[in-house]
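Keeping their order, the protein sequence lines are chains A, B, C and D. First residue of the first sequence: -1, per the numbering used here; consecutive thereafter. First residue of the second sequence: -1, per the numbering used here; consecutive thereafter. First residue of the third sequence: -1, per the numbering used here; consecutive thereafter. First residue of the fourth sequence: -1, per the numbering used here; consecutive thereafter.
Hints were generated in silico from the structure; no laboratory data involved. Each hint should be verified, as a subset may be incorrect.
Chain copies aren't distinguished; within one or between two, either way the pair holds.
[As the list claims (entries may be wrong)] Subject to a maximum C-alpha distance of 25 angstroms in a straight line, what follows is the list of computed SDA-like cross-link-like pairs (lysine to any residue):
| # | residue 1 | residue 2 |
| --- | --- | --- |
| 1 | K149 | E62 |
| 2 | K205 | D55 |
| 3 | K97 | E113 |
| 4 | K149 | G245 |
| 5 | K205 | Q58 |
4 protein chains.
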Amino acid sequence: MIRAVNVFDFEAIARERMTPSSFDYYAGGAEDEVTLSENRDAFRRIALLPRVLVGADRVQTAVEVLGVSLACPVGLAPTALNKLAHADGELAAARAAGKAGTLMCCSTASSTSLEDVAAAAGGPLWFQLYVYRDREVTRDLVRRAELARCKAIVLTVDTPRLGRRERDARSGFSLPPDVSISNLERYGTPEALRWAQTSSFTEYVHKLFDPTLTWESVAWLKSITSLPLLIKGILSADDAALAIDHGASGIVVSNHGGRQLDGAMATIDALPAITARVAGRVPVFLDGGIRRGTDVFKALALGARAVFIGRAYLWGLAADGEAGVTRVLEMLRAELELTMALSGCQTVAAITPAHVSLR
Amino acid sequence: MIRAVNVFDFEAIARERMTPSSFDYYAGGAEDEVTLSENRDAFRRIALLPRVLVGADRVQTAVEVLGVSLACPVGLAPTALNKLAHADGELAAARAAGKAGTLMCCSTASSTSLEDVAAAAGGPLWFQLYVYRDREVTRDLVRRAELARCKAIVLTVDTPRLGRRERDARSGFSLPPDVSISNLERYGTPEALRWAQTSSFTEYVHKLFDPTLTWESVAWLKSITSLPLLIKGILSADDAALAIDHGASGIVVSNHGGRQLDGAMATIDALPAITARVAGRVPVFLDGGIRRGTDVFKALALGARAVFIGRAYLWGLAADGEAGVTRVLEMLRAELELTMALSGCQTVAAITPAHVSLR
Amino acid sequence: MIRAVNVFDFEAIARERMTPSSFDYYAGGAEDEVTLSENRDAFRRIALLPRVLVGADRVQTAVEVLGVSLACPVGLAPTALNKLAHADGELAAARAAGKAGTLMCCSTASSTSLEDVAAAAGGPLWFQLYVYRDREVTRDLVRRAELARCKAIVLTVDTPRLGRRERDARSGFSLPPDVSISNLERYGTPEALRWAQTSSFTEYVHKLFDPTLTWESVAWLKSITSLPLLIKGILSADDAALAIDHGASGIVVSNHGGRQLDGAMATIDALPAITARVAGRVPVFLDGGIRRGTDVFKALALGARAVFIGRAYLWGLAADGEAGVTRVLEMLRAELELTMALSGCQTVAAITPAHVSLR
Amino acid sequence: MIRAVNVFDFEAIARERMTPSSFDYYAGGAEDEVTLSENRDAFRRIALLPRVLVGADRVQTAVEVLGVSLACPVGLAPTALNKLAHADGELAAARAAGKAGTLMCCSTASSTSLEDVAAAAGGPLWFQLYVYRDREVTRDLVRRAELARCKAIVLTVDTPRLGRRERDARSGFSLPPDVSISNLERYGTPEALRWAQTSSFTEYVHKLFDPTLTWESVAWLKSITSLPLLIKGILSADDAALAIDHGASGIVVSNHGGRQLDGAMATIDALPAITARVAGRVPVFLDGGIRRGTDVFKALALGARAVFIGRAYLWGLAADGEAGVTRVLEMLRAELELTMALSGCQTVAAITPAHVSLR
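Using the sequences provided together with the hints, build the complete structure.
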């Protein structure tokens, strides 16, 4: 078995096993990577204030998300092109999530078709959606997600354009021949095919993604599906309120892992104002910087229903395929359970803002 | 004589004399060791505001603790398995504490039986207690502490489970054949014996310690002993109030030296809210990060009656046995006395919050 | 083409191409270079709070400045002696600014005469003015700026004496024989000529610049020209108010790139109080530390109408002449446009203080 | 001439010219040298807010101190044993101070008799006093200071005991045979003589200095001299008020250059509360960390009448004797004058709290 004590060990192993440019494609952030590092540093600035003698024998990490019970409030975030990490790609991730009793959010830009991912998934699957200029493509993607029994659509709203990921520009990162955006192949756009052979994902996004996306687009999306719609990529409390006004079933506080707008606020710093404004009307989720069970605990304490991990599971995937993802999920679950036990929280519901101290 | 100017020098010598894994067992903290370093950094953030011309000729470091007069408000914290540091183990520590006119708190997990420690102790001895699933074991430990004339029971409440000490996982730390948890040998549990030959202290704790421990357990403990009961491992003012409500005779503000919940607040940062809530009803103690007389002074200024040192005395023990512990205690006493003289405090009681400035 | 992903790359190339002493003349700041680094660090302390789903398809970076429309709110700051960077000097800069649809502010201390710069400039030109002890020289410079169709006079007020630039003292920096302050040659002062052969720019400034400059001098300047007069080098809100009282048409918040008073507040830290006091009566500009489109965005969010870049364009000039300046301007414009798109701002006017968060 | 651009250069030269242990005796601070570095860091945290267009042609650094006009508000602090730096010792310092038109405060522990220092001094001389257990020694020292026409007595109150200077303990620092505490030789105490041959300055202080010093001692001192009495070593506003109540003619905010109580507040951080409490009744001075004219300016802005430099002049003395001290004083004067010109302050009186910004 891979020798790894924590998620950071998996990252070190992934770095060894991947090509430098693929590793950098995952590891890097936008421009000066200020937000990338802030996502981590901000967690460190939050201290824990544990309570004692409340019993730590029946700690339960289970949580209910949109009517589904998860064993642990840590899901797999939508990340592109998992085959860059391991030949089993998203299939390995989906199987690991299922065995861990948690959910996966499949990316539009997966390197495995969402139908295949759905077939492999043992647990609930969400589908992350980019809205395309060609609304028929978008409509078809939504229909396919419904047919594949996805439980929710997660609309990413922080990518009207792609952020400047300078590591990729320096490395000349391009897709290996055996990796492509599988979900889009059937639409046969010349652009999609061409991109498979060139490096310009930025150009691809600019050509295909719809930059005119507005709150009205959310209404349109809601009109073509009965699935719950979550809005991912919110950092402002005002936008959280607008999302609810426009019928969102949930909000994902995210800065796209520091890959879009460099300098954007760390997600855990943005969370408190958002959960205050949302006031429990819909569940709030968070991704960005989660590497430890204590990070999960801090997000829950500040009002998140659950969190998503991106790079953390990709390092496990790169290191050891499905087994690696399984171990990363189990590490975080065990660390969260321990954090809860040591903080005096038998259940996720017992975790409150009083358990943390913002400097 | 060992050449050492301050406690940090003793740490450097201990590092040379101990096996790397034993040194790391003492030196390390939980997970990313954030709390371990915060315990030190937080002291550094506090500035001293000395007063002048109040006379510095009769500085007295003496303090009364639970009716006993100590020469200095620096006691020895309960630390496990002192024979890892030096063959004389807890006996050397107890003798040094007695000669220094201060108290020692013997750990349940001592590598010398509490009876032998008590026989060696020249000064007051407290007994640190973990509550076992087998309440008869617990009851017997308390009875033995009473028979050994311990002056107080110190119930550790921050260890319903053991923290993740990753240095130990990496080093494969296990007990040398000549070191064991002496106090528990008579109970002959297979688990205890097995642990002596394996590395899984975590497993041991999970098997033997009672994770259902609650405030009701405190009531039970009080029912089986007339000794004063202190609660150790409190960081929250609410828990300090609960401890008093449940009859505690004192509170030890502690995060277990950063070895349990990583990210937990530094003890000196947690102290002011706790002493404010306790409002003098019971004495408040602190451990974690004490390496200088100025650290002791800062803790006293923020309301602690006395402090405990763990690693600081272990480095002295590892470097030079009883003589090393004696010198560490004398260093801290002399540094505290000097700090008092230079701050314009003739007595410990004269030290007030006005002598420090929190940034 | 020069391989450069961002402005920092151009700086690295410039460092290779320039003599160390000329590079240091540009790169250095006063004394301990505290303000030099604070100008950058202060931007980093400001987080962005992007808004979503407002449409990012028609992002317009255009801005109106003193009645002139610029394609982008990033102009070229007045910097001395551009021929130190490249033989084409200010001509290359002026052409690049014109092609980019933005303005250049020509320095009194340019190494090309303002008439030649004006002839090369395709866009609006401003003229930066130092007031000389000999008011006839000053009057003539203003008249020449008018004849060259400059759109504004920018009076620098932070240089009654020259700051201590210790890198220059250490390097023995002096002008190469082919570089001189072209604008002043016609006045044939012995001092000016002598300086061309010696290193003491400080002495030169002290001999020629008028240290008695006061607000009354502003009134005199306004009496001899009908051009708009901007005051450059203001960090205090009180001075901003005085500038308006004395008829200034605009204010440039500047600490001279950290080259004058070391320890002076970072410009982006000084900006909010100034824009609050100015309250829209005149446009406020900023220079100092701009290296990214996000920096431009932050300045606009805190009330600046536009920003100026000094070193940033000099690195492009040193690396690749006019083409280098063009690319630096285009980098910043593209980064700003992307920042606006990702922040939910279609126009510059849509950028507000709510888009940033001061720690 | 010694090549030095700033005071830090002189420190580097001094390090080369002195024995390591003598250099460390000057350079070091108490214990972990937290206060030593904070004295510098705290200046860096203060930003300057310069004003413009107020005229910079007639900047005057002159200041009046206790009725005497100084060319510059930077005096020489009392420092022990200047012959460790240079054979000319205090005589060189006194001559340099006089030529610079500023004052020197001669230390009780000078390596030249105060009478000889007074004869060399071209400007005003103060005498720093430690109170001895033997009050007749103290009385005689005061009388000698009067006869030597010293203008004030500066009572040091932060040294009832000597701080722990661990560099000296490590280096085994002891006095060279040709350096002694000249002022005390005539009293012929065995202790003083013995110390000249041993390393224990700490022991010496403990044996000779009077640790019972209280505010009553101040009254006694005032009864035996008509010279103005200043109290040096105050960090608390309450003590500043007490000093005035007891007749002090001035206060020196000092932490003994970080050599006494480690962790004591940086002097520039302590200054504002003290000047607020003193409210102009007596002049307030400051030492600790002054290396730049901007540091002097910041202290004046926060209410100091003048500052004293210790290590800064010692580095000049070690590098180049009297000429080195002269250059250090001139550097600081020129830097202060430049800072005033660039901040819009023609006179020292024009420097106000509005010229700085505390973070």
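Tested hints:
1. K149 with E62: Close inside one copy (13 angstroms), not across copies (49 angstroms); limit 25 angstroms.
2. K205 with D55: Between copies, since 12 angstroms is at most 25 angstroms while 55 angstroms is not.
3. K97 with E113: within (19 angstroms within a copy, 51 angstroms between copies)
4. K149 with G245: within (16 angstroms within a copy, 52 angstroms between copies)
5. K205 with Q58: between (46 angstroms within a copy, 19 angstroms between copies)
In summary, the structure agrees with every hint in the numbered list given earlier.
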